[in-house]
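Undergrad: Based on the sequences and whatever the hints tell you, model everything.
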Amino acid sequence: MIEERKRERFTVPIGPQHPALKEPGHFQFTVEGEIVTEASVRLGYAHRGIEKAAEGRNWVQNLYLVERICGICSHIHATAFSLGVEQLAGVEAPPRAQAIRTLVAELERIHSHLLWLGVAAHEAGFDTLFMYSWRDRETVMDLLEELTGNRVNYSANLLGGVKFDISQAQMEAILQGLDFLETRTYHYLEVVNSDTLFLQRTRGVGVMTRSQAELLGAVGPTARASGVVRDVRVEAPYAGYIDFPVHPVVEKAGDLEARFVVRMKELLESYFLIRGILAHLPEGEINARLPRRIKPGEAIVRVEAPRGELLYFIKSNGSDTPERVKVRTPTICNMTSVIKLAVGHQLADIPMILAGIDPCFSCNDRSVLIRRSDSEQHWDWETLRQYGNRFYHANAK
Amino acid sequence: MKIGTMLSDVTASLFKKPVTQRYPSERRKPPKQLRAFLVWDPESCTGCGLCAMDCPAGAIEMIVIDKKAKRFVMHYHVDRCTFCAQCVHSCRQGGLSMTSETWELAGLDRSSFDKWYGDPLDVELAMGDEAAEQT
Amino acid sequence: MQTLNSLFALLIFPGGLSLLAAGLLYEWIDRKLLAQFQNRIGPRWFQPLADVLKLLAKEEIIPEGVDRRLFIGLPVIALAGGLTAALYAPLWGFAPAFSFQGDLVVTLYLLSLLTLCIGLAGANTLDRFSLVGATRTLTQLFSYEAPFLLALLGPAIAAGSWQISDISAYAQQHWMVLAQPLGFIVILIGLMGKLELPPFDAPEAETEIVAGALTEYSGRGLALFRLGKGVEMVVGLALVAAFYLGGAGNPLLFIAKTLGLLFIVAGVQSLLARMRIDQTVGLWWRYGALFVLAQWIFILGQRVMG
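Chains as they are written, first to last, in my numbering: chain A, 1 to 397; chain V, 1 to 135; chain R, 1 to 306.
Keep in mind the hints are simulated off the structure, nothing from the lab.
A quick note: this is a predicted structure, and the numbers were derived from the prediction, not measured.
Warning: the hint list may mix true and false statements.
As the list claims (entries may be wrong) - Below, simulated DMTMM-like cross-link-like pairs (lysine to aspartate or glutamate); rule was C-alpha separation at most 25 Å, straight line:
1. Lys-29(V) x Glu-172(A)
2. Lys-29(V) x Asp-142(A)
3. Lys-29(V) x Glu-146(A)
4. Lys-340(A) x Asp-51(R)
5. Lys-16(V) x Asp-165(A)
6. Lys-17(V) x Glu-145(A)
7. Lys-52(A) x Glu-283(A)
8. Lys-32(V) x Glu-172(A)
9. Lys-32(R) x Glu-26(V)
10. Lys-32(V) x Glu-285(A)
11. Lys-29(V) x Glu-298(A)
12. Lys-32(V) x Glu-283(A)
13. Lys-2(V) x Glu-172(A)
14. Lys-17(V) x Glu-298(A)
15. Lys-32(V) x Glu-298(A)
16. Lys-29(V) x Asp-179(A)
17. Lys-32(R) x Asp-51(R)
TA: Quick look at the structure:
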């Protein structure tokens with residue numbers, strides 16, 4: 001009789017404190033030798049009760065509260081909230097304000113993707129790329145400081161428009177900065193596409209097929225790297241994207257390399273878009289007045305954050321504080337893909353796969369399940385989808 | 001398939017100065033748009049209190065000494081301020097603005113984080129009221 | 001008098017304290033060069049010294065479930081191995097302090113002792129990260145050791161001796177880097193593998209397994225391991241400079257050559273991303289062994305032809 005030798009298997013915890021994670025999250029990987037056999041995740045370490053806090057503050061104060069849900073995608077949270085409140089109040093922000101909102105959103109996307117490039121390179125052990133991409137990120141942060149007044153948490157939005165106008169000198173500074181960044185982005189695209197050692201870590205790693213991406217509900221660049229053409233700016237344009245359309249950037253391979261390439265190409269798309277906005281900035285006011293009390297109603301806003309689709313549900317009951325603000329961030333959609341993809345890979349690939357979805361743990365801590373003491377409603381995907389179809393059909397403008 | 005694709009960057013850096021800004025011996029001039037310390041012009045204030053209501057951090061306290069005579073005192077908590085400039089836009093009289101010069105706001109004791117704006121006599125009155133409230 | 005001389009060589013110069021200081025200095029130069037390549041400033045000159053002093057002053061926490069004597073003893077053995085290996089290497093351009101037939105092999109084993117101790121230290125603890133790190137350290141040890149050894153033996157064959165002082169004396173006549181270029185490449189990359197510098201830093205990959213085998217170490221133990229690594233760097237560079245770059249007759253040449261090598265090592269560090277442990281093994285057992293075997297065939301062919 002031959003006894004099978006039991007291979008060493010144990011659970012490696014990544015987090016909540018780990019150099020691979022910039023924010024806390026708890027992953028448990030069961031490892032045999034170096035191959036992962038099981039994975040599970042536990043979130044909730046950065047839960048701050050923002051949705052509850054929003055109910056106790058007035059509409060204006062909430063604009064700044066939601067801005068601080070995330071540091072990297074702060075502007076898009078504020079934009080989504082403003083759009084929702086404007087929708088409820090029946091006021092539209094003037095076109096110049098929408099264009100400036102879009103401009104800042106695209107600058108934020110550039111900043112977020114460059115940050116992500118550095119962090120992902122650091123996870124791969126490629127510190128030089130990390131240092132250089134973050135050095136170049138300083139250019140866009142200086143531009144944002146010159147335009148909005150702060151490097152992070154730009155506070156560019158007001159309920160009804162934007163706070164500041166853009167001058168000729170600022171426009172020229174932005175165009176100059178974009179030229180520099182464009183050269184650097186082409187260089188990084190080349191590095192990501194052709195550096196042998198880097199490709200060894202990214203090509204063929206973490207492959208997610210198109211059907212898997214659709215099943216797991218992935219959004220944003222993570223899904224677009226697997227061939228799923230899903231971009232809120234294209235499907236349901238909002239703010240300035242109606243006048244300045246975007247071309248979605250899609251790759252078919254679905255591995256880590258594709259995710260890198262998608263984000264680099266999105267940078268190039270952003271440069272093109274910003275140049276278009278600056279060349280054809282509409283004239284006019286930069287904000288509209290909104291009443292302090294917002295009419296009762298419900299609004300759903302979908303925007304494209306740098307990480308994917310961001311959804312806001314805002315309910316008003318006619319007072320000057322919201323009744324309910326619900327935020328569904330993109331990372332929580334992409335998180336399950338990490339768990340599914342990790343199985344079968346080596347331990348060394350795990351930080352890369354995790355970095356590939358561009359996780360933002362501070363965004364994604366929401367309570368998803370609410371249990372009522374009397375009854376429990378259980379909706380499956382199909383029911384929810386049909387409800388959504390009926391709702392939008394009934395409320396089509 | 002190449003090895004060392006960052007070679008051009010790396011060799012160029014050998015002959016360049018590092019990009020690190022050696023703060024505090026090197027200081028860059030902040031842009032005009034920078035939102036730093038809040039400044040209040042008491043002449044234009046009507047005491048509506050919208051700035052205090054709209055502040056997301058509760059950094060502004062409007063103390064009314066005499067509404068008819070337009071004597072107001074503003075207690076500005078620098079340590080609570082998030083420098084969002086909402087108060088600047090909430091004020092219909094344009095009495096608030098954020099400077100871009102005073103942005104190094106670190107301090108060694110708490111008194112540097114409490115700014116009282118207004119007529120000195122009024123300020124003393126207001127400070128006295130607050131001290132009395134606290135004891 | 002002989003014992004006094006020996007003690008001096010052992011404790012002060014060229015071994016001992018001066019070697020430890022040199023290790024810290026070279027670590028600083030490496031970090032500073034890396035920073036310059038990455039367009040940033042880097043640490044000030046006393047940073048490695050400050051790190052070691054701080055670590056020595058901290059409390060050493062011994063985790064539960066480890067063998068106490070091994071835990072405390074392994075760092076000491078590692079540092080001792082490094083310092084002893086230095087006695088047979090031609091440091092500072094002088095002849096080695098001690099020398100005997102076959103000391104090349106002894107030096108190599110003493111250098112490997114350091115890595116072995118790190119691996120054992122990791123396997124000793126019950127922490128998962130340390131176990132994975134220890135496995136990787138030992139795997140890497142077994143993969144680069146053979147090509148590294150063979151590349152060091154290349155000049156030995158050319159010199160016809162297994163004694164380091166003979167080899168370096170021979171190498172001062174002939175520049176081995178021209179005669180055995182493949183061997184030079186292998187040994188330089190092998191040195192980076194030995195010192196666990198990027199791209200071969202999978203055993204201590206910060207973003208995957210925190211600190212690898214040394215995760216549970218703190219205080220004095222960690223300080224001794226770090227000093228050991230610094231010593232290993234100086235000795236390794238000295239050997240490579242002595243064998244391949246035409247030896248070093250005086251301290252100035254020694255410093256110039258080792259710093260030149262350090263420059264190349266820092267450059268390679270900054271250009272390459274980290275390799276996974278299986279890719280490292282694949283690289284070494286395919287290309288490393290191939291190159292060095294090709295070099296050996298060339299050398300032996302030369303000798304046969306006369």
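Undergrad: For every hint, state whether the structure bears it out.
TA: Hints, verified against the model:
1. With a CA separation close to 19 Å, the supplied pair Lys-29(V) and Glu-172(A) stays within the 25 Å bound.
2. Taking the CA atoms of Lys-29(V) and Asp-142(A), the gap is about 12 Å. The hint holds against a cut of 25 Å.
3. Distance check on the hinted pair: Lys-29(V) and Glu-146(A) sit about 11 Å apart at the alpha-carbon level, within 25 Å; holds.
4. Between the alpha carbons of Lys-340(A) and Asp-51(R) the distance comes to roughly 41 Å, so the proposed pair goes past 25 Å and is violated.
5. Only pairs whose Cα atoms come within 25 Å are accepted, and Lys-16(V) paired with Asp-165(A) is rejected, the gap being roughly 36 Å.
6. As the CA atoms of Lys-17(V) and Glu-145(A) are separated by approximately 24 Å, the hinted pair is consistent with the 25 Å bound.
7. Restraint check for Lys-52(A) and Glu-283(A): not satisfied, since their Cα atoms lie roughly 39 Å apart, outside the 25 Å limit.
8. Between Lys-32(V) and Glu-172(A), the direct Cα distance comes to roughly 16 Å. Compliance with the 25 Å bound is thereby established for this hinted pair.
9. Of the pairs offered as hints, the one joining Lys-32(R) and Glu-26(V) holds, with about 21 Å between alpha carbons and a cut-off of 25 Å not exceeded.
10. Using a Cα cut-off of 25 Å, the hinted pair Lys-32(V) and Glu-285(A) holds, with the two alpha carbons roughly 21 Å apart.
11. At most 25 Å may separate the alpha-carbon atoms for a hinted pair to count; Lys-29(V) and Glu-298(A) exceed this at roughly 46 Å.
12. Between Lys-32(V) and Glu-283(A) the CA atoms are separated by roughly 23 Å; this keeps the pair inside 25 Å, and the hint holds.
13. Pair hint Lys-2(V) plus Glu-172(A) does not hold up; C-alpha atoms about 37 Å apart against a cutoff of 25 Å.
14. Pair hint Lys-17(V) plus Glu-298(A) does not hold up; C-alpha atoms about 56 Å apart against a cutoff of 25 Å.
15. Proposed proximity of Lys-32(V) and Glu-298(A) is contradicted: the alpha carbons are some 39 Å apart, above 25 Å.
16. Proximity of Lys-29(V) to Asp-179(A) is assessed by CA-CA distance (about 23 Å); at most 25 Å being required, the pair is judged to hold.
17. Under the criterion of a C-alpha separation no larger than 25 Å, the hint pairing Lys-32(R) with Asp-51(R) is consistent with the structure, at around 15 Å.
Violated hints, in rising order: 4, 5, 7, 11, 13, 14 and 15; the structure is consistent with all others.
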